[in-house]
Amino acid sequence: MTRFGLISFSGCAIMLALALLPAAAQPGTAPAIPQTVLMKPADLANDIKAGKAPVILQVGFSVLYQQAHIPGAIYAGPGNKEEGIDNLKKQAASLAKDKPLVIYCGCCPWEKCPNIAAAWKELTAEGFKNLKVLYLPQNFGEDWADKGYPVVKAS
Amino acid sequence: MRVFAFLLLLIAAPALAATTPIKAGQSAPDFTRPGFDGKPVKLSAYRGKVVLLDFWASWCPPCIEEAPHLIALQKAHAGKLQIIGVSMDDSEPPARAMAKQFPFNYPLLMGDAKFGGLYGGVLGLPQIFLIGRDGKVIKMWRGEMKAGELDKAIKEAVG
Numbered sequence: 001m002t003r004f005g006l007i008s009f010s011g012c013a014i015m016l017a018l019a020l021l022p023a024a025a026q027p028g029t030a031p032a033i034p035q036t037v038l039m040k041p042a043d044l045a046n047d048i049k050a051g052k053a054p055v056i057l058q059v060g061f062s063v064l065y066q067q068a069h070i071p072g073a074i075y076a077g078p079g080n081k082e083e084g085i086d087n088l089k090k091q092a093a094s095l096a097k098d099k100p101l102v103i104y105c106g107c108c109p110w111e112k113c114p115n116i117a118a119a120w121k122e123l124t125a126e127g128f129k130n131l132k133v134l135y136l137p138q139n140f141g142e143d144w145a146d147k148g149y150p151v152v153k154a155s
Numbered sequence: 001m002r003v004f005a006f007l008l009l010l011i012a013a014p015a016l017a018a019t020t021p022i023k024a025g026q027s028a029p030d031f032t033r034p035g036f037d038g039k040p041v042k043l044s045a046y047r048g049k050v051v052l053l054d055f056w057a058s059w060c061p062p063c064i065e066e067a068p069h070l071i072a073l074q075k076a077h078a079g080k081l082q083i084i085g086v087s088m089d090d091s092e093p094p095a096r097a098m099a100k101q102f103p104f105n106y107p108l109l110m111g112d113a114k115f116g117g118l119y120g121g122v123l124g125l126p127q128i129f130l131i132g133r134d135g136k137v138i139k140m141w142r143g144e145m146k147a148g149e150l151d152k153a154i155k156e157a158v159g
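In order, the protein sequences belong to chains X and Z. Following the working numbering, the numbering of the first sequence begins with 1 at its first residue and continues without gaps. Following the working numbering, the numbering of the second sequence begins with 1 at its first residue and continues without gaps.
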């Protein structure tokens, strides 16, 4: 559902505008990620607090990562672009496939995220057996930073 | 020990991220940046008008879905409302390509991490600041909001 409503548009105008969206703005496929691999923000925050942080990859956009990211997270995005998947492969190449690994994005609402599903699919295909996907329903700000969980910005 | 702790804090400070957006009642930080049309966009130049600062990106479906509505809002409240679109794309070409897809009737400019930090962190899109005629933030929305909520707030702000 869109956020607006009082000023009306003809159905044709909206359909035309949305049909013009380039691939970069097409809704993501995050809901296709199995529930069993989703990780709650509180659980990851607890792991970090306990000194048991897994390897964390941020697969979203660079501007978001530069502003704030989970401590220790490595930039490996964006998942919606070929060069982003190449970056993900590069970062993942040195990781053990049986060790805990968490990926996250949080650029926009979960069901519309253009990055996370592509990154999950790539790492699953590469054989990462202990892969979790951080579930951020709204975005990184609402579901992580605003909860008081730790963040740092890129140096 | 306290001195050591303080020095440690100073060293660590640059790594701390701005994660609390500018709140209602606070002055909206002024900025001047070149718009996509080459003309400078200066926030304080719009003092006396209600300003809607819309952080968007070409990769953000809800942001793009909103574009026709924002264009209509600008038209409906011309003279009283000024919308400014700030792209948070990682680079300029996709933002400019998207700008060509809609008949934008308000200035668009490029943002970046520094710009996001100026407003307390843009840690998810869409993010919108409604700024009053006095230059103070009336309300901030991050993520999706209820239908009609923005229209109502703008109507109240423009009077």
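Treat the hints as calculated values from the structure; they're not laboratory data. Be a bit skeptical, because a hint or two may be false.
Each computed DSBU-like pair below joins lysine-lysine, with the alpha-carbon atoms no more than 35 Å apart [stated by the list, open to error]:
| # | chain 1 | residue 1 | chain 2 | residue 2 |
| --- | --- | --- | --- | --- |
| 1 | Z | 114 | X | 90 |
| 2 | X | 52 | Z | 114 |
| 3 | X | 97 | X | 52 |
| 4 | X | 49 | Z | 114 |
| 5 | Z | 39 | X | 153 |
| 6 | X | 147 | Z | 42 |
| 7 | X | 81 | Z | 100 |
| 8 | X | 49 | Z | 39 |
| 9 | Z | 136 | X | 81 |
| 10 | X | 153 | Z | 114 |
| 11 | X | 153 | Z | 146 |
| 12 | Z | 75 | X | 153 |
| 13 | X | 81 | Z | 39 |
| 14 | Z | 146 | X | 40 |
| 15 | Z | 136 | Z | 152 |
| 16 | X | 121 | Z | 100 |
| 17 | X | 153 | Z | 139 |
| 18 | Z | 146 | X | 121 |
| 19 | X | 40 | Z | 23 |
| 20 | Z | 139 | X | 49 |
| 21 | Z | 114 | X | 81 |
| 22 | Z | 114 | Z | 42 |
Hint numbers contradicted by this structure: 8, 9 and 12
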